[in-house]
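Engineer: So the sequence lines, in the order shown, correspond to chains A and B. The opening residue of the first sequence carries number 808 in this note's numbering; numbering runs sequentially from there. The opening residue of the second sequence carries number 5 in this note's numbering; numbering runs sequentially from there.
Be aware that a few hints might be false.
Unchecked claim - Dumping the calculated EDC-like pairs for lysine to aspartate or glutamate here, alpha-carbon to alpha-carbon at most 20 angstroms: (1) B:K240 / A:D989; (2) B:K160 / A:E1325; (3) B:K292 / B:E302; (4) B:K266 / A:D881; (5) B:K264 / A:E822; (6) A:K1099 / A:E1325; (7) A:K889 / B:D265; (8) B:K84 / A:E822.
By construction, these hints were calculated from the structure, which means they are not laboratory data.
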Amino acid sequence: MSLFLHYLSLPYLLEGIEVTLQVTALGLAGGLMLGLILAWMQLSRFRWLSGIARGYTVIFRGTPLILQMVFAYDALPHIGIKLPAIAAAGLALACNEAPFIAEMLRAGVLGVDRGQVTAGQALGMTPSVLMRRVIAPQAIRTMIPAFGNEAVSALKNSSLASVIAVQELTLRSTQLASSTFDFFSIFFASGLLYLVLTGAVGVIQLALEWLLDLDRASRGRKFADYLPYLLPWRRADLATKLELTEKTAPAVAADAAMQPEIPVPPSRRLTREDRTKRAATIARNNVAVEVKQLRKRYGAQTVLDGLDMTVRVGEVVALLGPSGSGKSTLLRCVNHLENWDSGTVRVGGRRLGFQDLGFQDDGKPLTPRAIANERASVGVGMVFQQFNLFGHLTARENVAGPLRWVHGLTKIDADRRANELLDRVGLSHRADALPRHLSGGQQQRVAIARALAPNPSVLLLDEPTSALDPELVNEVLEVIRRLAVDDGLTMIISTHQIRFADEVADRVAFLSGGTIIEEGPAHEVLSNPRNPVTARFLSVMETDKAPEAVR
Amino acid sequence: MHKWLGGEARRASLPWRRAVLGAVVAAGFVTTGFLATIGAAQAAPAACAALQAKYPDWKGKTLVNAINPHTPGYEAIDPKDPSKYVGFDIDLGEEIGECLGFKLTYKAVTFAALLTTLASGQADIVISDIYATEERAKAADFITYSKVFDGVLVAKGNPKKITGINTSMCGAAAAENTGFVEVPLVQALIPQCKAEGKPEPTLQLYDNNANCIQAILAGRADTYVNDVNTVDNAVKANPATLEKAIAVTIPYSVGIAVPKDKPKFREAVMAVMMEIYKSGDQAALLKKWELDPNNLKEPGLLTVN
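Based on the sequences and whatever the hints tell you, model everything.
Structural biologist: This is the structure:
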């Protein structure tokens, strides 16, 4: 025991820790840099880049670290690169860690909800803004435990540097054992030293998890709540504690009940005369969206089959039709979230997919960055079925963030605009809440506020109420109704809410098989469909509720 | 008076300590103020001054000595101060350095990596109780300086009745270090054992002495054949559990390995070794480290093209 304590405090071994940490730090830092490059290459849309990255991964993940160490130390000098031993060990460790770190990064990036990425694109974010503001902040949170593992494994793997004369902890321990014959005392001591180091990594990991915990501020989680993760016998204890914190937090359901109802002034309901007047006004307006002969296929399946559609400024068009009839794809084309095979899409007179300069398409697709800029300048807002709010941002930031990142507003202006819009959708009291603490209806209202923030010329709504519980549908529909009636916003809504379409839409277009098979004034088409397919669809949808008579 | 008898250990990290080669030489030879601060009446002998004049290329340089520091008596860290390496080979290297005017730093590698480290240029010289064989001479040139006597380490009482590297090892498990010359010698027993209808000996390969000795202590191996002094040291450290079955002569010499592409360096080291041998310093070093005086041998060259 006294020998054990002697070796535990021996400066010779403690100095070895320093070398061990140097090699580990070089390995992790280098591995992170290389891993970032590798992950970027693997996620790249250029095949040759991802091919090179895959080749690297195969080689460096598939060969033992000990060989890589010997290679960096003994083979590189033959081509004139003579690194000091610690640097050679750090290089080998970095090259070895890189593919593992790259896979972690890739998994983290791909793990971020695709819907949020689409929402970011729809808001006109360029790929780099999207990565920095939406993907990375969320991916990093999920990657911390994996990083902790990787750091511990790198720390232990650094012991292999002993084969290339790096005087780290393991090499010092074996040398000491050889000269003193105190084999076990020495290895128990060095084992304990390694445990202390890996334990420290564990604490750092938990501290980071705590710092990045989105609930830290709102739920008052303390670092002390995390520490028991290090102690296996207290795990159960922790679970109950965290559960308690969850319970004491304001319950979403209760909160939803408390929210102010959005009153619907009856006078806003449109009468037949209103409708006629409205139709006459709209007919004189400019064309907002013009789709001509749009065709798109996914492999053998034709999704859009020469579709034509014109939407005028201030007009509200409801797209109806069975699933797979092309409604969503059409909306995604209008926002250029999808490319199409042939045909044209014009928004506000500007033809999408073509450079501003006006010359003819040279056949090359625009870069994602150019498309993003196009979206931002054309001004098409989009609301999704699954809300797709940015999960790591508060309601206010969901609205204000894109205004700053895409449209260059100052923080003050962006926040003012966000507050104003949240007020309009009746959520100013929830501005600081994270999406996951909001009900579905509240989330969709925030999503609408976010889409409205840059003052779009057209708002696209892709089945905005389909993912909502029935009791939450009305609060969202009411917001949309007001946008149509009060604000005169141009909207294209794909929906299954026949009654809502009847009330709000100026026109309905019925899609089937990628074309519009019937369209016309909403009430007319919904009450007297001419096309048998439309009639059948409507009768199925409306078996229990006929379109409400317009007063 | 020999410097060695003063028992000055060399720092692994701060190798430079002035020492003196040969017998006491009259004052009047070149003495620097620096030398005077370290020890009285220390001066480079005339022979070294002449050698430095003839081989000036390494004067003032710092060279790297690759060692496998797991052999107490030859090269191991100092248990009292683990920042230093001590042993016969360490002293010998320092003395060569002093004579030619260079300092040494140490690079600890596994035994099997000694010559690759030299060949890759990561080290300039290897003085690490390595036996000079024709096979190894393909990778480096050797200046031989010591005869080889091997000891056969076994568990106390020699339960397997091993009497040397012969058919008494049939069916036994031998622990050896990767790259040791004893490895092929044990392998050569396999056909002999077969011819006598006995089970083959098995080999366990480790990468340092401590692991080989632990293999016997743990009952995994029956024997470990290595330099007799190493074996004696192991028995000294574990008198209740280990013993030396026998000492055997191995037809090799211990050698200093130098790069094949530096004949001038080989020539210089060889010349210094002749001086050290002739002056009696080598014998004194053996005595200092309690090694068998019979190891003493006139330096020779082993090169293979």
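Engineer: State for each hint whether it applies.
Structural biologist: To see whether the hints hold, each was checked on the structure:
Simply put, K240 of chain B and D989 of chain A have alpha-carbon atoms about 13 angstroms apart, close enough for the 20 angstroms limit, and the pair holds. Straight-line distance between C-alpha atoms of K160 of chain B and E1325 of chain A comes to about 101 angstroms, which puts the hinted pair past the 20 angstroms bound. In summary, the hint linking K292 of chain B to E302 of chain B is supported, as the alpha carbons are separated by about 19 angstroms, within the 20 angstroms threshold. For the suggested pair K266 of chain B and D881 of chain A, the alpha carbons sit about 19 angstroms apart, so the restraint of at most 20 angstroms is met.
Proposed proximity of K264 of chain B and E822 of chain A is contradicted: the alpha carbons are some 36 angstroms apart, above 20 angstroms. Note on K1099 of chain A and E1325 of chain A: the hinted pairing holds, with a Cα-Cα distance of about 16 angstroms set against a maximum of 20 angstroms. Straight-line distance between C-alpha atoms of K889 of chain A and D265 of chain B comes to about 18 angstroms, which keeps the hinted pair within the 20 angstroms bound. Restraint check: the Cα-Cα separation between K84 of chain B and E822 of chain A comes to about 16 angstroms, which is no more than 20 angstroms; the hinted pair holds.
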